[in-house]
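Asker: Residue strings, one per chain:
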Amino acid sequence: MIFNSIGYYSLVFGLFISIYLLFFSLFLYIKGKSNNDLNLNIYHFSLIQLFLVILSFICLILCFILSDFSNETVYYNSHTTKPIFYKIAGAWGNHEGSLLLWLLVLTLFIFLFIIKSKSQPKTYRLLSIFFQQIIITGFFLFLLITSNPFDYLFPIPEEGLGLNPILQDPALVIHPPILYLGYVGSSIIFSSSLAALIENNLGTIWAKHIKNWVFVSWIFLTLGILLGSIWAYYELGWGGFWFWDPVENVSLMPWFSLTALLHTISVLEKRQLLKSWTIILSISTFSLSMSGTFLVRSGILNSIHTFANDPSRGIFILCFLFVLVLLAIFIFFIFQKKITKNSSKSFLASRETAILVNNWFMMFFLSIVLIGTVYPIFLEVINGSKISIGPPFYQKLIVPFLIPFLLFMAVGPKLKWIKDNLNEINLNQIILFIPSIIISYLLVKLYGVSNLFTVPLFGLGFFLFFLTVKDFFSKYSTLSQKISHLGFSLFILSILFNGIFAKEFTSNMKVGDEREFMNKTIKFEDLKIIEKNNYKSLVAKFNVSDNKSSINLMPEVRIYNQPKTLTSEADINSTIYSDNFLVFNVIKDDGYYNVRYQYKPLMMWIWFSVILISTGGILAYFKKND
Amino acid sequence: MIKNIKFIIIILFSLFVFFIFLKGLEKSNNYLPEKTSKKIETNLSANKLYDQKKVSLGELIDNNNFSIINIWASWCLPCREEHVYLINLKKINNLNIIGINYKDDKSNAIRFLSDLGNPYSEVLIDPDGTKSIELGAIGVPETYLVNNKNKEIIKKYIGPLDDKKFQEILKIIKNENN
Amino acid sequence: MKIIKFILYIFIFALLFLNNLTARDSDQVDKISKNLRCLICQGQSVYDSQSDFALSMKVLIQKKINEGKNENEIYDFLKNKYGDWIVYDPEINNNTILLWAIPLILFVFGGILIIRKVSIK
Numbered sequence: 001m002i003f004n005s006i007g008y009y010s011l012v013f014g015l016f017i018s019i020y021l022l023f024f025s026l027f028l029y030i031k032g033k034s035n036n037d038l039n040l041n042i043y044h045f046s047l048i049q050l051f052l053v054i055l056s057f058i059c060l061i062l063c064f065i066l067s068d069f070s071n072e073t074v075y076y077n078s079h080t081t082k083p084i085f086y087k088i089a090g091a092w093g094n095h096e097g098s099l100l101l102w103l104l105v106l107t108l109f110i111f112l113f114i115i116k117s118k119s120q121p122k123t124y125r126l127l128s129i130f131f132q133q134i135i136i137t138g139f140f141l142f143l144l145i146t147s148n149p150f151d152y153l154f155p156i157p158e159e160g161l162g163l164n165p166i167l168q169d170p171a172l173v174i175h176p177p178i179l180y181l182g183y184v185g186s187s188i189i190f191s192s193s194l195a196a197l198i199e200n201n202l203g204t205i206w207a208k209h210i211k212n213w214v215f216v217s218w219i220f221l222t223l224g225i226l227l228g229s230i231w232a233y234y235e236l237g238w239g240g241f242w243f244w245d246p247v248e249n250v251s252l253m254p255w256f257s258l259t260a261l262l263h264t265i266s267v268l269e270k271r272q273l274l275k276s277w278t279i280i281l282s283i284s285t286f287s288l289s290m291s292g293t294f295l296v297r298s299g300i301l302n303s304i305h306t307f308a309n310d311p312s313r314g315i316f317i318l319c320f321l322f323v324l325v326l327l328a329i330f331i332f333f334i335f336q337k338k339i340t341k342n343s344s345k346s347f348l349a350s351r352e353t354a355i356l357v358n359n360w361f362m363m364f365f366l367s368i369v370l371i372g373t374v375y376p377i378f379l380e381v382i383n384g385s386k387i388s389i390g391p392p393f394y395q396k397l398i399v400p401f402l403i404p405f406l407l408f409m410a411v412g413p414k415l416k417w418i419k420d421n422l423n424e425i426n427l428n429q430i431i432l433f434i435p436s437i438i439i440s441y442l443l444v445k446l447y448g449v450s451n452l453f454t455v456p457l458f459g460l461g462f463f464l465f466f467l468t469v470k471d472f473f474s475k476y477s478t479l480s481q482k483i484s485h486l487g488f489s490l491f492i493l494s495i496l497f498n499g500i501f502a503k504e505f506t507s508n509m510k511v512g513d514e515r516e517f518m519n520k521t522i523k524f525e526d527l528k529i530i531e532k533n534n535y536k537s538l539v540a541k542f543n544v545s546d547n548k549s550s551i552n553l554m555p556e557v558r559i560y561n562q563p564k565t566l567t568s569e570a571d572i573n574s575t576i577y578s579d580n581f582l583v584f585n586v587i588k589d590d591g592y593y594n595v596r597y598q599y600k601p602l603m604m605w606i607w608f609s610v611i612l613i614s615t616g617g618i619l620a621y622f623k624k625n626d
Numbered sequence: 001m002i003k004n005i006k007f008i009i010i011i012l013f014s015l016f017v018f019f020i021f022l023k024g025l026e027k028s029n030n031y032l033p034e035k036t037s038k039k040i041e042t043n044l045s046a047n048k049l050y051d052q053k054k055v056s057l058g059e060l061i062d063n064n065n066f067s068i069i070n071i072w073a074s075w076c077l078p079c080r081e082e083h084v085y086l087i088n089l090k091k092i093n094n095l096n097i098i099g100i101n102y103k104d105d106k107s108n109a110i111r112f113l114s115d116l117g118n119p120y121s122e123v124l125i126d127p128d129g130t131k132s133i134e135l136g137a138i139g140v141p142e143t144y145l146v147n148n149k150n151k152e153i154i155k156k157y158i159g160p161l162d163d164k165k166f167q168e169i170l171k172i173i174k175n176e177n178n
Numbered sequence: 001m002k003i004i005k006f007i008l009y010i011f012i013f014a015l016l017f018l019n020n021l022t023a024r025d026s027d028q029v030d031k032i033s034k035n036l037r038c039l040i041c042q043g044q045s046v047y048d049s050q051s052d053f054a055l056s057m058k059v060l061i062q063k064k065i066n067e068g069k070n071e072n073e074i075y076d077f078l079k080n081k082y083g084d085w086i087v088y089d090p091e092i093n094n095n096t097i098l099l100w101a102i103p104l105i106l107f108v109f110g111g112i113l114i115i116r117k118v119s120i121k
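Chains as they are written, first to last, in the numbering used here: chain X, 1 to 626; chain Y, 1 to 178; chain H, 1 to 121.
Just to be clear, a hint being listed does not mean it is correct.
What the hints assert, rightly or not - Here are some of the chain Y residues that sit facing chain X, going by a computed Cβ distance under 7 angstroms:
# : residue
1 : F7
2 : I10
3 : F13
4 : I20
5 : F21
6 : G24
7 : L25
8 : K90
Everything labelled a hint here was simulated from the structure, so no lab data went into it.
Just so it is clear, CB atoms sit at the ideal spot from N, CA and C, and this is done for glycine as well.
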């Protein structure tokens with residue numbers, strides 16, 4: 001009870017502080033003083049603001065731990081029988097709590113920004129704080145007006161309505177915080193870019209400074225998306241990890257923009273080119289994050305992941321989003337004329353051009369995902385037709401363009417700044433084409449694989465892979481870049497392998513049945529029924545064996561009582577060679593169960609390659625700080 | 001000058017997007033397919049529950065002005081709850097009610113009807129659920145009000161019948177009869 | 001010399017495309033059901049879903065294949081019953097022409113922007 005109040009009033013005080021900081025920073029900026037030190041009050045109040053949000057967050061967690069059902073959020077999302085680990089996670093596994101997480105990242109990042117930007121001009125810092133506080137104020141208002149995590153419920157219920165059982169999973173516990181550090185973290189890039197634009201502070205020093213933030217945001221966003229996919233794969237029981245579902249797309253879109261920005265910022269740093277474009281990318285990354293939040297929380301799109309739908313929240317976020325976007329557009333057009341532009345062109349064969357090409361493809365992929373996600377909304381409003389846009393659309397558009405993209409990735413990172421005389425494209429590299437062709441030829445021959453794009457993709461994936469491995473022994477570029485690009489080539493290869501060589505088997509079986517599949521025997525050995533404290537559990541024991549190995553898989557079906565749901569938990573045996581995936585479902589025929597087994601080669605390499613990509617980023621970040 | 005035009009275009013485009021999203025919010029996000037094919041599938045043929053004879057839906061929708069097609073199953077709890085409305089519809093108007101028994105066990109279905117009463121003039125079986133898909137159904141229970149003369153689906157009810165839907169059916173029938 | 005290298009590059013690249021042999025038939029029912037939306041689950045394909053509707057749908061697809069219907073005929077049949085919404089692959093028609101065209105137009109537009117920023121000397 002008391003924590004409920006403390007949590008609520010912390011937010012109210014936080015709101016007042018954000019309004020104060022908003023006006024105070026603007027006031028200080030307009031007043032302008034000679035010394036470059038930030039007024040101490042700014043430091044203090046930002047810290048207090050952060051502290052209040054942390055306090056509020058802790059209070060919400062405490063309400064969950066104590067199963068305080070007088071708190072409406074706890075009531076809807078928790079249950080006394082839930083294990084304590086998941087009670088805590090329940091705090092951010094719902095709409096209101098996750099917005100509190102938004103606020104936490106927003107306030108944390110502005111505070112860190114204030115501490116770490118001492119080398120930057122004061123006016124720039126003040127403006128950054130100003131813009132960030134606009135965002136923070138908006139979120140405080142959004143939270144307190146439409147999505148209060150501390151609403152009272154009276155009379156106090158005895159028991160909660162329980163968290164969705166699918167959300168009781170360790171990966172899902174860390175997925176939102178990590179994702180938000182990236183996703184929401186792009187807010188600081190937005191705010192500081194607007195400030196840099198107004199102050200014409202767009203030189204090498206600023207680029208070096210903002211690069212840190214871009215890296216931090218990018219690393220967390222990449223890892224956050226990875227965790228979401230891992231969770232979907234291990235928990236959702238369908239064996240897939242990416243469905244081009246709106247919520248997934250919404251996290252991917254800022255990633256494309258941020259990756260483009262990551263590359264562009266080094267052009268700005270080294271050559272002082274592309275100032276306007278850098279600002280545009282910074283604005284669009286966070287705008288995409290905000291739009292994503294709108295699309296997912298307003299109920300305008302339906303998806304397997306959606307939070308509780310509420311149009312009033314949708315209207316608030318929509319208006320908030322457009323205020324920010326219009327503000328950014330205005331500022332851009334007004335101040336863009338005044339910045340000292342470098343309008344020299346870059347040479348065709350140069351690193352700058354290569355990065356422009358990277359951006360070109362990133363923006364293209366971004367547009368595909370963006371249009372695919374929002375087009376049904378537009379179509380329905382304009383002429384009432386309802387269509388679905390699913391995986392086939394995205395694959396058909398993205399896959400063919402991956403081919404030239406991979407080719408450019410093979411060439412681009414090696415090019416010199418300013419001008420490259422192409423001496424390095426020597427026979428060695430073309431020789432590497434040969435094993436690539438041989439391998440893709442073998443794949444076609446042995447496995448009858450084909451589709452117009454698969455083979456060139458394989459060939460180029462291998463080519464990029466061989467090239468990036470070979471480049472480890474050369475001085476072309478930084479270690480971090482090599483690792484990330486190597487990771488990317490592995491990513492493409494493992495997705496191809498996994499997609500093409502995966503095999504599946506479905507059948508209705510009863511205990512004792514055996515089936516043959518792919519030279520393996522799948523035996524339904526046993527079924528146990530166990531009553532647990534908040535669900536009934538059916539645990540099956542399967543054995544998948546051939547003359548080389550024998551694997552036991554124990555998938556589970558859970559019948560929950562609060563709310564009444566049935567979930568199916570797959571059992572996955574993961575090795576570095578392949579995953580064996582098995583899931584079963586209850587069907588109407590008594591005694592029979594629908595069994596689905598999948599053989600998925602190189603599954604772990606998909607995760608590993610993304611970790612490798614992020615590792616490159618982490619290395620780059622720590623190197624920069626030297 | 002060009003910059004100004006670009007600026008205005010971008011602002012206008014943003015406002016356009018804003019209004020589309022605003023409009024989009026008003027619409028329901030959970031799409032339930034309404035009747036897209038207005039005509040009932042008269043060619044659909046299935047076996048009867050009681051005597052295994054094959055019959056086509058068109059043959060059954062012949063007399064009277066209206067028919068009701070109701071998809072049900074003995075294992076479906078909401079079907080149990082809506083059953084009384086069907087009995088009443090039969091009593092009040094002597095409506096031609098055709099049942100489609102969905103993915104059910106024959107003896108369970110027969111027992112269901114003997115326990116709760118049989119409002120159906122005929123019951124067809126759909127053991128694998130494919131007949132219901134041919135009707136355009138999503139699940140069970142589902143009820144269609146059909147105009148016998150032009151073979152069109154007047155109303156499609158997804159989910160069990162309740163007071164409101166029951167009254168609506170009565171009203172439609174009364175209006176047509178007058 | 002550089003031009004020769006470039007041509008060599010492109011030629012070998014083209015070889016990759018010639019590696020294609022006949023397409024492999026994938027399981028038809030799986031392929032079709034992956035492309036259909038499960039109307040009960042609101043977010044899963046018929047292939048992935050274990051709901052009644054999805055299971056009936058898979059049986060129906062198999063029946064239609066046995067009757068000799070091809071993929072498009074099955075999609076048309078289902079669109080007639082449930083609306084365009086049920087198929088995940090938006091076919092190119094009046095409604096969707098912009099959907100497919102806009103990304104491609106943007107790609108070309110991006111290419112033009114780059115060419116303007118780049119000089120060959």
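Asker: Are the hints correct? Go through all of them and say.
Answerer: Now for the hints, and whether the structure bears them out:
{"no.": "1", "hint": "F7", "verdict": "holds, 5 angstroms"}
{"no.": "2", "hint": "I10", "verdict": "holds, 6 angstroms"}
{"no.": "3", "hint": "F13", "verdict": "violated, 10 angstroms"}
{"no.": "4", "hint": "I20", "verdict": "holds, 5 angstroms"}
{"no.": "5", "hint": "F21", "verdict": "holds, 5 angstroms"}
{"no.": "6", "hint": "G24", "verdict": "holds, 4 angstroms"}
{"no.": "7", "hint": "L25", "verdict": "holds, 5 angstroms"}
{"no.": "8", "hint": "K90", "verdict": "violated, 28 angstroms"}
Figure legend: structure checked against the earlier numbered hints; hints not met, in rising order: 3, 8.
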